[in-house]
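Engineer: Line by line, the protein sequences are chains A and B. All residue numbers for the first sequence refer to our numbering, where the first residue is 1 and numbers rise by one. All residue numbers for the second sequence refer to our numbering, where the first residue is 1 and numbers rise by one.
Hints listed in this document are in silico derivations from the structure and should not be mistaken for laboratory results. Glycine included, each C-beta is placed from N, C-alpha and C at the ideal position. Treat the hints with care, since some could be wrong.
[Claimed, not checked] Partner residues are not named here, just some residues of chain A that face chain B (Cβ under 7 Å, in silico):
#, residue
1, 38
2, 75
3, 94
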Amino acid sequence: MNISLNINGHARAADVEPRVLLVDFLRETLGLTGTKIGCDTGQCGTCTVWLDGRSVKSCTMLAVQADGAEVTTIEGLSQDGQLHALQEGFWEMHGVQCGFCTPGMVMALTDLLRHNAHPSERAIRDWLEGNLCRCTGYHNIVRAVQYAAEKLQRSVGP
Amino acid sequence: MAGKYFGAALKRREDPRMLRGEAQFTADLTLPGMLHMAILRSPHGHARIKAIDTNAAAAMPGVVRVVTAADLDGKMNPMPCVWIPGGVVSHFPSHPMGIPGAGPVLATDRVRFIGDAVAAVVARTRAQAEDALEAIRVDYEVLPAVVNAEEAVKKGAPQLHDEVPGNLNALWTCGNREAADRAIAAAEVVITQTVHNQRMINSPIEPRAALGHYDPATGGYTLWATSQNHHNHRLLLALYILKIPFNKLRLIAPEVGGSFGTKGYVYPDMPLVLFLAKELGQPVKWVDTRTGLMRSTVQGRDQIQYVTLAGTRDGKITALRCTSYANLGAYPSTIGPGVCTAMMGRSITSVYDIENAFCEVYAAFANTVPLGANRGSGRAEAIFLVERLIDRYARAIGMDRVEVRRKNLITPDKFPFDNRMGWLYDSGHYAAALGRVVEMVDYANLEARKAEARQRGKRLGVGIACYVAVCGVGPSPRMSKEGMLGGTWESANVRVHPTGEVSLTVGSKPHGQAHETTFAQILAEELEIDPGLIEVLHSDTKGVPFGQGSYGSRSLSVAGPAIQAAARKALDKARKAAAHLLQAAEEDLVYQGGVFSVRGAPQRSKTLQEVSLALWYAWDLPQGMEPCLDVTSYVDPPDFNFPFGAHAAVVEVDEKTGQVELVRYVAVNDVGNVANPMVIDGQIHGGITHGVGQVLLEAAVYDGDGHLLTDNLRNYALPRASHLPSFELERTVTPTPHNALGAKGAGEVGAIPPAAAIANAVCDALADLGVEHIDMPITAEKVWRAIHDAQAARPAS
């Protein structure tokens, strides 16, 4: 099937088998390997990308379902080489260890910050239901979100 | 020891590439002409293979080759096990090279566990390879299975290996049986408890992967793999399995997405992709699925322990005895037998001065996935049993649980301390850690907190667990006595380039522990130069000194000293060269901030870079000095080191549902001197979470036929952010005398006491109901039943 979609600001078209998952299309066909595969049942969240403005698990979608959509992957997050406030927060607060869950975490949590500019610790932890990390214990990931929320607030002004 | 760089909470240099999605993990790699491999695994826990028909599979679209054991005959040895429990008789499956065998790469006549590899398919795409798996016809005769170690050694149990009578790999012991038995028989108070330390699936978020390449021009193989042990893997593959020259195998471990012990072992995909890459003349890639990983990578813990603690009525412990049945799985993994014997048995007395102790471990084969290290392996199983028994003892004699611990702690004046089980503790101040954690968790006001919680319908409990953990694996002669067929030293190469940059190559293998950052800090401190000038190279065996890898909490405390040793040798040489160039005596030189200068005449100076350039030119060197500034050190640690600490957990149990909520978690840890406190804290957070997973959520469950019922993340519950509070950490600092950094191991310590602390907290919450023990994982159902059973046992009021 022929599909066309916008990936990280670029229009792309391809002919894909109907059974191909969006995550495999991103990784294998487009070579965007920043998005990861960590499980087979949609639990781990390492495949999280933005689709038409929402964070979604790209392993639970077929590529053909993304026809006509605007997709952003981790590679498309930083603008002009500038890290997003959340990426900066992960760096400052040591929210990254092995790095495998990181792209999915960042894509999921940037969506949280779009919904909720001042998330409480509880709200952050609940938002992370769909993202697993085995290295950090989530402690510093929470701190990273708090850092980013504060930074984004400051840039918005009073 | 805190300096300008050592001890600083520097941000990690690894992060930008990981945050941008640029970090390359094994599954992200592609090579031109690459083919894809899929592995057919056994659907049975135990079965005879009567026939395998691969014809249909071989004819499927895109399939290039299908192989079974018959195709590997004479071309590939079985995998090796390189840990033979020391000092005892043992029985292993065989291997043609006279070492223990860890199972054939592909099953020959029998499959012995659910993930046993039976065949491999190579095709042009991964989907084609996986499609072809379904077309392979295997004629199995299902055999009775045994999945419990205690059952496995009983008469009449299904026998897994002809070479292993009664499925018993070894009966390993340590301590003094007679003294322990005598002390127990004579004791005023005797507590017995059966502990099921359940099987865990390590579950790194990155599945395993391997990519093999063969270059016919050079006869050289390259393997990219999810390895935490690339140097070791090279030896195991080249020497024991593929029988190829060591120098013709290059191993590269790209970014590794967590391991926790799993990725240090040899698995069938590793020799297979290399063999097939040569056979087919094209690179071969294999990537596991989550279910594949859960059915085939080494699993952890899994001991059935019969424990006895004896003591006086006023709180002095006189004896500790443990008989454990440990489940090695269907084959011994690369180092499985060592994990459940020495690492556990020698650790059971922990921080306590217990005069009479004994441990015996029946290490048994059963039809489950092979056993291996799982963060804190052996030590967590030991700490859990002693901490649970101490709480039970305290309640039995009506004494406060913290007071009983205090009364039995090894005091600071007793170091180095021989724990009578085979460890010599280097340094420690256990009472300080315990005292601090008791303060932090507000233990004194426990009753008031319980009353307040009761008003909300919750039963509050506080649990304490102390620990000391053998780390910094390890001194090679000692490891060989324990039965390890390998060396456990580490290496570092320091190369000061003529232009002033420095390359540091280490043998360790980071998989999340920030070695690129912390090792640069160690070297920067020694050379007194900016860490930004130092690049840290690792994870590729080509052109570098020999090395080992990362495991057993050794990178900081074994690789760290190697870095320091190389740095000091380099500075020593540079000083001699600088003195010569400046025509001054060595004693008259001052080295500061990367510059050698003559005392009293600072204008006469040479920077480290100038010295390095001069050594490169070699126009005028001191007599006998070799050109260039390039130094390698191999360091074998003099002994293990012993980090320690005390943790406390506060839980609230809902009486109606049995649900346990972890409300607070407080931890005091002592890992000696710390290179980067932010990195250490991160390791502790992760370790604590690992322990929380075991005590509240996780269990690898098999049915009686050896089917793994928990083989995906829907039915195996990993800790999520919503299960956890933020952690409260503090540190005490008691350096080790065993290395000049004073640094002890740290990577695993967080994972060692939490299960005990939390189990103790739950039992504290339910103590007034008479609940003495609940086995892990402590699910809502188990708690509900315990409350229910305890209430039913009471006379009606």
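Engineer: Less than 7 Å between beta-carbons is the criterion; does residue 94 (chain A) satisfy it with respect to chain B?
Structural biologist: Where the cut-off is 7 Å and the nearest Cβ of chain B is about 5 Å from residue 94 (chain A), the hint holds.
Engineer: Can you verify the interface hint for residue 38 (chain A): is its Cβ closer than 7 Å to any Cβ in chain B?
Structural biologist: Result: holds, 5 Å to nearest chain B Cβ.
Engineer: Have a go at the residue 75 (chain A) hint: is there a Cβ in chain B nearer than 7 Å to its own Cβ?
Structural biologist: holds (5 Å)
No hint from the list above goes unmet by this structure.
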